[in-house]
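4 protein chains.
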Amino acid sequence: MSRIGFIGLGIMGGPMAANLVAAGHEVTGYNRSRAKVDRLVQQGGTAAATVAEAVRGADVVVTMLPDSPDVEAVVTAEDGVLAHLPAGTLLIDFSTIRPDVARQVAEAAADKGVRMLDAPVSGGEPKAVDGTLSIMAGGSEDTFAAAREVLDVVGSTIVHVGPAGAGQTVKAANQLMVAGNIGLLAEALVFLESYGVDTKAGLEVLGGGLAGSAVLDAKGSKMRDREFGPGFRLELHHKDMGIVQAAAREAGLTIPLGSLVSQLVAAANAQGDGALDHSGLLRQINNLNGRD
Amino acid sequence: MSRIGFIGLGIMGGPMAANLVAAGHEVTGYNRSRAKVDRLVQQGGTAAATVAEAVRGADVVVTMLPDSPDVEAVVTAEDGVLAHLPAGTLLIDFSTIRPDVARQVAEAAADKGVRMLDAPVSGGEPKAVDGTLSIMAGGSEDTFAAAREVLDVVGSTIVHVGPAGAGQTVKAANQLMVAGNIGLLAEALVFLESYGVDTKAGLEVLGGGLAGSAVLDAKGSKMRDREFGPGFRLELHHKDMGIVQAAAREAGLTIPLGSLVSQLVAAANAQGDGALDHSGLLRQINNLNGRD
Amino acid sequence: MSRIGFIGLGIMGGPMAANLVAAGHEVTGYNRSRAKVDRLVQQGGTAAATVAEAVRGADVVVTMLPDSPDVEAVVTAEDGVLAHLPAGTLLIDFSTIRPDVARQVAEAAADKGVRMLDAPVSGGEPKAVDGTLSIMAGGSEDTFAAAREVLDVVGSTIVHVGPAGAGQTVKAANQLMVAGNIGLLAEALVFLESYGVDTKAGLEVLGGGLAGSAVLDAKGSKMRDREFGPGFRLELHHKDMGIVQAAAREAGLTIPLGSLVSQLVAAANAQGDGALDHSGLLRQINNLNGRD
Amino acid sequence: MSRIGFIGLGIMGGPMAANLVAAGHEVTGYNRSRAKVDRLVQQGGTAAATVAEAVRGADVVVTMLPDSPDVEAVVTAEDGVLAHLPAGTLLIDFSTIRPDVARQVAEAAADKGVRMLDAPVSGGEPKAVDGTLSIMAGGSEDTFAAAREVLDVVGSTIVHVGPAGAGQTVKAANQLMVAGNIGLLAEALVFLESYGVDTKAGLEVLGGGLAGSAVLDAKGSKMRDREFGPGFRLELHHKDMGIVQAAAREAGLTIPLGSLVSQLVAAANAQGDGALDHSGLLRQINNLNGRD
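For the record, the sequence lines run as chains A, B, C and D.
Each residue of the first sequence is one higher than the last, beginning at 1 in the numbering used here.
Each residue of the second sequence is one higher than the last, beginning at 1 in the numbering used here.
Each residue of the third sequence is one higher than the last, beginning at 1 in the numbering used here.
Each residue of the fourth sequence is one higher than the last, beginning at 1 in the numbering used here.
Keep in mind the hints are simulated off the structure, nothing from the lab.
Some hints here could point you the wrong way.
What follows is a list of derived Cβ distance ranges for each label pair [stated by the list, open to error]:
no., chain 1, residue 1, chain 2, residue 2, range
1, D, ASN286, C, GLU125, 51 to 61 Å
2, A, ARG34, D, ASP152, 57 to 67 Å
3, D, ALA73, A, ASP111, 13 to 23 Å
4, C, PRO230, D, GLY229, 52 to 62 Å
5, A, GLU250, C, GLU250, 32 to 42 Å
6, A, ARG34, D, ALA110, 34 to 44 Å
7, C, GLY24, D, LYS200, 25 to 35 Å
Just so you know, even glycine gets a beta-carbon here, dropped at the ideal spot from N, CA and C.
Please model the entire structure based on the sequences and the hints provided.
This is the structure we're talking about:
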């Protein structure tokens with residue numbers, strides 16, 4: 001069992017930390033909002049009042065934060081994680097951030113002798129609670145091996161996809177494909193509806209062939225029914241498409257479809273739909289077509 | 001058992017007609033190239049030298065032709081199918097054509113008392129040979145019911161999706177989604193490769209989550225290996241995207257992603273890749289990025 | 001002076017025919033709506049009750065019709081213009097239609113010994129009234145020379161741009177660039193406004209440099225003021241973008257920006273803005289951004 | 001006459017500094033490459049070995065640097081411009097950078113009592129040499145007025161477009177429109193060429209109507225002749241489109257055409273055309289179409 005410092009106890013980080021406690025680890029948690037730390041204490045964890053306190057004496061430090069600047073601030077800042085970690089410690093970042101920032105943070109960690117893994121997850125709150133997240137990990141083989149005892153608690157599909165930053169790259173590719181698939185499904189739906197097709201039967205036959213996808217399975221009938229209740233919020237997908245575009249630019253890449261779907265997601269956000277599930281992108285396609 | 005007039009014995013129509021013969025139907029076939037008619041005769045069918053000869057005395061007429069103008073020429077032209085069919089006959093068009101043309105042809109058929117079904121298929125040559133095509137049928141309930149004895153021989157997933165033209169609409173939506181999914185996967189692959197990610201592991205984890213799709217399952221590893229051997233040719237998908245765009249314009253619809261992917265498919269075609277499998281769209285995305 | 005049969009006396013054709021009368025030509029006009037023919041008679045022309053009547057005895061036949069199918073119907077149909085014209089007559093089509101249709105009609109004319117010029121115009125109703133249209137003419141040098149006496153009456157910038165169809169090709173390119181320039185200006189305006197820039201000063205400096213354009217000069221300040229009173233209607237530009245896309249597909253071309261701006265124009269139309277001036281495309285860009 | 005500290009003596013900054021010397025100002029210049037400082041000395045300026053030395057005792061400090069991080073490094077860094085300037089000094093930044101960075105730097109300057117103007121220019125090296133640049137200035141009225149004695153020396157069209165950052169916003173809009181206009185012209189050219197139109201005559205008539213633009217006037221015939229000799233390099237326009245996209249995201253804006261043209265510029269860059277004039281974007285459109 002390990003002593004784990006856990007920073008970032010939000011919607012995702014909270015249940016992940018709880019699962020680590022339940023698995024027998026000694027977890028000390030820090031979060032800007034004290035209420036979330038209290039909940040961890042009730043679940044058997046220990047409270048930390050500062051980042052420094054959370055990471056003191058830890059074998060493993062885990063971060064689960066909203067965006068690239070947050071990870072930079074918490075990990076590499078003057079009084080941040082790296083300032084307090086001895087060489088040899090393991091640092092796992094579950095946040096979804098820019099691949100180039102992930103690489104820079106990993107280099108800063110390496111300079112201190114700290115082994116780092118970027119390990120963004122997919123699956124959302126339900127899978128965080130169940131400990132069945134998908135995890136895309138970037139870092140050395142050794143670091144990945146060392147992290148397995150933590151990864152195995154929070155995830156079920158756990159894949160090592162390459163060196164530092166590779167986890168974030170795969171996560172970015174994931175978000176690009178998911179947004180694109182939602183957009184294509186939205187266009188197909190508008191197309192079918194405008195021609196008066198039976199969309200229930202239509203989606204059934206589409207889903208059974210080469211047009212089939214996890215997005216169609218998970219979102220198709222909800223999109224037909226205009227049910228966009230919270231799941232993965234459009235505003236978060238908008239943030240993630242920003243990562244995709246920044247990473248493409250960083251690598252000198254052209255991704256025309258990814259770029260266009262980013263624009264559509266940005267439009268949905270600008271029109272006030274940021275709090276909907278990302279399948280709510282259908283509303284944007286409908287709007288373009290003067291429909292509901 | 002029925003007497004079937006079958007017009008269009010190409011890569012798809014040939015095996016479909018053979019399966020109808022094998023199922024015990026009396027099939028009279030016509031094709032512009034005589035060699036294909038001869039093959040049907042060897043398989044137990046009867047040769048026709050003209051469209052008129054093929055449809056004379058038939059209970060059911062089947063067409064499987066390349067594009068909208070071909071269907072118009074064969075069905076509604078002066079000496080075409082409708083000129084020779086008595087009221088009450090059943091006409092099944094398996095071709096992939098424009099929804100509005102399908103509706104017009106169905107109306108011309110109705111004027112003659114001929115019941116028509118638009119029934120485009122997906123699955124390609126292998127499933128045509130196996131009799132396991134997916135079929136999206138448009139027409140009245142009665143016509144669909146009457147056509148089942150033929151449809152059940154050539155297909156396994158057979159869905160009635162709405163009135164005349166609806167089959168073509170769903171097929172167009174299918175082609176839109178498939179092209180889009182290939183394009184997105186191509187962009188994701190270029191993205192992963194440019195960042196030095198292990199793409200085998202990367203595609204595995206992408207395929208297991210919300211980014212998963214039939215395209216990724218069927219084409220992912222071939223695209224990694226740059227294997228674009230014949231399957232569904234890009235030049236046919238280019239033709240189909242023309243149908244998608246024409247149908248969108250006909251309905252006054254905006255489909256931004258579909259429109260952009262149409263442009264990418266057109267570019268691939270213009271660059272000489274028309275004979276590759278449609279997954280060869282990856283070459284176009286690579287080319288945009290100065291890569292192979 | 002010539003005897004001219006003029007078919008299509010609408011918003012553009014009406015004043016063009018009147019100018020030809022005023023220039024001393026003997027003009028016999030036909031239009032589906034009789035009121036427009038009566039107006040020509042008041043202006044000194046002669047009424048025709050049918051196409052046949054209009055073209056009988058004419059040295060030159062002029063057509064000014066809404067779209068490709070209209071030109072096909074009037075010129076090549078069974079009782080159309082070509083059925084009544086002797087060899088050697090000159091046929092000038094001022095309509096904006098598809099380049100490939102223009103070529104086909106020119107070939108049908110050539111088969112009858114009729115010399116044809118495709119001569120689409122730009123400049124709108126005011127320049128039609130003033131006889132100062134821009135004319136892009138396609139056809140042989142001889143035909144162009146023969147047509148000058150007519151062209152000089154209705155236009156001021158008159159350029160021979162190539163063989164049959166070339167006039168329509170240039171007109172299509174014109175509509176592509178104009179729609180694109182309006183779209184870009186709309187995006188620039190939204191950008192400036194959202195940053196609180198003084199847009200009057202901003203457009204002034206933009207107009208004075210490499211970003212300057214006829215669109216900015218003619219439409220910039222009206223777009224700032226949200227004045228979209230009738231000029232060239234969006235729904236006509238939507239029709240023209242259909243020609244652009246059909247012509248690109250016919251030639252196997254990829255035009256990504258043209259394709260995207262077509263989608264934006266289609267969206268504006270779908271949202272009910274078809275009757276606005278095409279600068280009203282700004283409303284579509286604003287809408288995408290949740291703005292007015 | 002003023003004492004001016006001038007930082008950044010490159011292709012643009014060099015002649016601008018020389019013009020300030022020629023106008024009677026006392027100019028102390030700094031550049032990372034010493035050779036460029038020496039040239040200024042030959043032209044009558046004074047050499048500085050560090051930023052601190054350049055700005056010491058200056059009434060006005062001028063910066064002309066490649067990109068946002070350069071301006072941040074030179075102006076706000078620990079030993080940067082602001083560390084050495086007394087309150088009341090005037091700071092003019094002629095660089096093209098992100099509007100939000102311009103605003104942040106202006107705020108940092110204001111904290112020190114330094115008045116700042118963002119004043120990006122357009123017109124390229126020839127107009128820098130002639131002192132006839134277009135200048136888009138953002139800052140307070142007072143600061144703009146105080147800067148006029150410098151601005152009037154280097155530019156001829158000088159417009160105050162709003163508060164801090166507004167100059168950069170207008171410059172970004174300029175670059176968006178210019179890239180878009182080049183892309184549209186490229187698509188129009190490919191379209192005309194593929195149809196065998198006389199492009200000289202075609203561009204003439206396009207340029208005379210609503211499709212006319214400064215880009216067509218300046219680049220049209222060169223693009224016809226495939227002359228892409230150095231002017232404004234594609235790689236710089238690629239950098240500027242990065243600013244456009246970052247600024248759009250910062251403001252929560254959707255700019256679909258700007259986003260697509262950014263992708264085309266990025267592709268041209270990825271394909272190795274970065275050193276060509278930006279009109280070389282034609283090569284990218286040709287490439288998409290399998291043409292030269």
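Check your understanding: So which of the earlier hints does this model not fit?
Key -> Hints 1, 4 are the ones this structure does not satisfy, whereas the remaining hints hold.
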